Amino acid sequence: MKTKPKPSTQYADFMSRAYTMELEATERYTQFAEQLETHNNREVASLFRKLAEIEKLHAKRILEEMQWPSVPALAPAYAWEGAEGPETAPFDSLHYLMQPWHALEIALHCEREAQKYYAGIAASRAPKPVRDAAREMAAEEAEHVRLIKAWMTRVPKPEAGWDEDPDPPGVR
Amino acid sequence: MNAPMPAAALQAKDFKSDYKPVWCPGCGDYSVLSAITKALAMLELKPENVAVVSGIGCSSRIPAYTSCYGFHGVHGRALPAATGLKVARPELTVLVASGDGDGYSIGGNHFLHACRRNVDLTYIVMDNHVYGMTKGQPSPTTEPDWRSKLAPGGTGVREFHPLVIALASGANFVARAFSGDPNGCAALIAEAVRHPGFSFLEVLSPCVTFRPDQRGWKELVHPAPVAPTDDPARAARRIMTDDGFNIGVLYKGNRRVYAPPAAKGGTVADLEKAFQL
Numbered sequence: 039m040k041t042k043p044k045p046s047t048q049y050a051d052f053m054s055r056a057y058t059m060e061l062e063a064t065e066r067y068t069q070f071a072e073q074l075e076t077h078n079n080r081e082v083a084s085l086f087r088k089l090a091e092i093e094k095l096h097a098k099r100i101l102e103e104m105q106w107p108s109v110p111a112l113a114p115a116y117a118w119e120g121a122e123g124p125e126t127a128p129f130d131s132l133h134y135l136m137q138p139w140h141a142l143e144i145a146l147h148c149e150r151e152a153q154k155y156y157a158g159i160a161a162s163r164a165p166k167p168v169r170d171a172a173r174e175m176a177a178e179e180a181e182h183v184r185l186i187k188a189w190m191t192r193v194p195k196p197e198a199g200w201d202e203d204p205d206p207p208g209v210r
Numbered sequence: 505m506n507a508p509m510p511a512a513a514l515q516a517k518d519f520k521s522d523y524k525p526v527w528c529p530g531c532g533d534y535s536v537l538s539a540i541t542k543a544l545a546m547l548e549l550k551p552e553n554v555a556v557v558s559g560i561g562c563s564s565r566i567p568a569y570t571s572c573y574g575f576h577g578v579h580g581r582a583l584p585a586a587t588g589l590k591v592a593r594p595e596l597t598v599l600v601a602s603g604d605g606d607g608y609s610i611g612g613n614h615f616l617h618a619c620r621r622n623v624d625l626t627y628i629v630m631d632n633h634v635y636g637m638t639k640g641q642p643s644p645t646t647e648p649d650w651r652s653k654l655a656p657g658g659t660g661v662r663e664f665h666p667l668v669i670a671l672a673s674g675a676n677f678v679a680r681a682f683s684g685d686p687n688g689c690a691a692l693i694a695e696a697v698r699h700p701g702f703s704f705l706e707v708l709s710p711c712v713t714f715r716p717d718q719r720g721w722k723e724l725v726h727p728a729p730v731a732p733t734d735d736p737a738r739a740a741r742r743i744m745t746d747d748g749f750n751i752g753v754l755y756k757g758n759r760r761v762y763a764p765p766a767a768k769g770g771t772v773a774d775l776e777k778a779f780q781l
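Each protein sequence line maps, in turn, to chains P and E.
Mapping of the first sequence onto my numbering: residues 39 to 210, in sequence order.
Mapping of the second sequence onto my numbering: residues 505 to 781, in sequence order.
For reference, chain P alone in the conformation it holds in the complex:
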C-alpha cells in the first residue's frame, strides 16, 4: 500500500465531516425511497435507492482513504450552517405523485450545495491538506452536477398538472 503522510487532526476532522455528510445524504435518500415505496411510486423510489447507493459509495471511499473501521458508528452530529448537512435533501421535498425528473432536481440541488460547501473550504484559510482535499471534493461534486444534469435530459420533464389527483387526500 502506498504510504501517505500522516494527515493533520484538522484533516481528519474535515474527512469526518465529509463522511457524515455522505451518510446523512444516504439516510435521507433511503427514507425517501421507503416513503415512495409505501405510496407505490416505485419508479421514483428506485431512483432514490440508486442515489442512496451512490452516496454510500462516496462514504465508503472516505473510510478507505482514512483507513477507518469498516462499519463505524455515525459520527456525532456536526453543527452545519443549516439544520442539516449541505448534501442532505430537505425532508419535505417529496410529493406522492412526483416523477423521476423531480427526484433528479432534488439531487441536483444537493450536489450543488455540496460543491458550494467544499469550494468554500477550498477558498478558506484552512490548513493546506484540508484545502487540497476540499478542492478535490468540490471538483468531484461539480462532476456529479454535470452527470445529474445529463441524466435529467434523459427523463421527461413533467407536464403542467402533474400533481393533479382526481381523488385528493385534502378537502379543499
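What the hints contain is simulated information worked out from the structure, not anything from laboratory work.
Misleading hints may appear alongside valid ones.
What the hints assert, rightly or not - Computed, partial: chain P to chain E, Cβ under 10 Å:
1. Gln69
2. Glu72
3. Glu75
4. Ala121
5. Glu122
6. Gly123
Unchecked claim - Below 16 Å or equal to it, Euclidean Cα-Cα: the simulated EDC-like pairs (lysine to aspartate or glutamate) are:
7. P/Lys154 / P/Glu178
8. P/Lys154 / P/Glu181
9. E/Lys520 / P/Glu72
10. E/Lys722 / E/Asp747
11. E/Lys550 / E/Asp518
12. P/Lys166 / P/Asp51
13. E/Lys524 / P/Glu75
14. P/Lys195 / P/Glu143
15. E/Lys517 / P/Glu72
16. P/Lys88 / P/Glu72
17. P/Lys154 / P/Glu174
18. E/Lys517 / E/Glu552
19. E/Lys722 / P/Glu119
20. P/Lys88 / P/Glu75
21. E/Lys639 / P/Asp205
22. P/Lys187 / P/Glu143
23. E/Lys524 / P/Glu72
24. E/Lys756 / E/Asp735
Said to hold, decoys possible - So these bits of chain E aren't anywhere near chain P, every CB distance computed over 10 Å:
25. Ser609
26. Phe664
27. Leu724
28. Gly770
The structure displayed is predicted, hence computed values, not measured ones.
A virtual CB, placed ideally from N, CA and C, is assigned to each residue, including glycine.
Following the hints, put chain E in place on chain P, whose structure we already have.
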C-alpha cells in the same frame, strides 16, 4: 492511521422496526422517528429497556416503527398508560408520543395531571396544528383564522398554548424542537430523557398534506436566544412572549420526581386473585 471514530453500542437503525411508516411523503413525523432512534442510540440504551407509548393519530403510529416495547393506546390516553408503566417498571425508559389533537384535545386533561405528577416520562408531541389522520379538521393549536372547507372562516377560537400550560402545570422540563432539524431534535430528546421528572418536548412537525403552508416553518424556526432557566416565572414570560418558533430548552426545573416505592412482586395468578370480585 487516523483515530477511528468511537463506536456506539447501538446505532439508530437498531431502534427501527421492519415496519415501514405510512405517513404522507414529506411528513415531518419521519424526521421525528429518525430523531427518536438517534437519541436512543446516543443515550446508549437497549431497545428492550425502552417503551414507547402512544394514543391515536398520525404521530401515534411511532411505537410500531421502533424495535422497543410499544403500546398503541386509545385516543388521548397515552399518558395514563405510560404513567402506570413507569411507576410499575421504573427501570424502563418510557417515551410517550402524541400529536396536538390527541394530546391537547381529548388528552388535554391527562396532559395537565401528568405534568402535575412529575413522573419520570418524556412526552414528545408532534404538533402540526391540524388533525391530519381524519382529513384536516382544526386542532387545539390551529390558528383561529386558518380556513379550510372543514372550517370556513376559521374557528375564531384562540389557540391552546401547550408550553405555558405544561410549565404552569408542573412539567420539570419544557422544550421546543423542529422536525426539519433531526439532529437537533435528537439532542433535545436525549436531554429530555436525561432530565428527571416529566419532560415535555413540543416538536413542530409540518403536515405537508393538509397544511402545506407549514413548509415555510423552516424559514421561521431559530435557536432560542437564551439559556434554559430554572425559574418558572422567567420561563413563563419567555414562552408567553416568544414567536412560537424558538427552538431549544426553555425550562429545566428541579421538582421532586414522583416515584412511589415499587409494589411487591407477584405472579399473574396473584394479580388475578386481587381482581376477583
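Hey, does the P/Glu75 contact hint survive, CB to chain E under 10 Å? Holds, because the Cβ-Cβ distance from P/Glu75 to chain E comes to roughly 7 Å (cut-off 10 Å).
Given as non-interface: E/Ser609, which should sit over 10 Å from chain P by C-beta: holds (19 Å)
If you draw a straight line from the CA of P/Lys88 to the CA of P/Glu75, is it 16 Å or shorter? Status holds; Cα separation ~13 Å.
Hinted pair, alpha-carbon criterion (16 Å max): E/Lys639, P/Asp205. Please report holds or violated. holds (13 Å)
Agreement of E/Lys520 and P/Glu72 with the hint, judged by alpha carbon distance not exceeding 16 Å: holds (13 Å)
Does E/Lys550 pair with E/Asp518 here, judged by a C-alpha cut-off of 16 Å? holds (9 Å)
Confirm or reject: E/Phe664 is not an interface residue toward chain P, with every Cβ-Cβ distance exceeding 10 Å. It holds; E/Phe664 is separated from chain P by about 23 Å at its closest Cβ, greater than 10 Å.
Run the distance test for P/Lys154 versus P/Glu178: straight-line Cα separation, threshold 16 Å. Given that 16 Å is the threshold and the Cα spacing comes to 12 Å, the pair holds.
Hold the hint about P/Ala121 up to the distance rule: shortest CB distance to chain E must be less than 10 Å. Given a least distance of 4 Å, the restraint on P/Ala121 holds.
Compare the distance between the alpha carbons of P/Lys187 and P/Glu143 with 16 Å, and conclude whether the hinted pair is satisfied. holds (9 Å)
For the restraint on P/Glu122, tell me whether the closest CB of chain E is nearer than 10 Å. holds (7 Å)
Holds or violated: P/Lys195 and P/Glu143, Cα atoms, limit 16 Å. Judged against 16 Å, a Cα distance of about 10 Å means the pair holds.
Consistency with the previously given hints is maintained throughout, with no hint failing.
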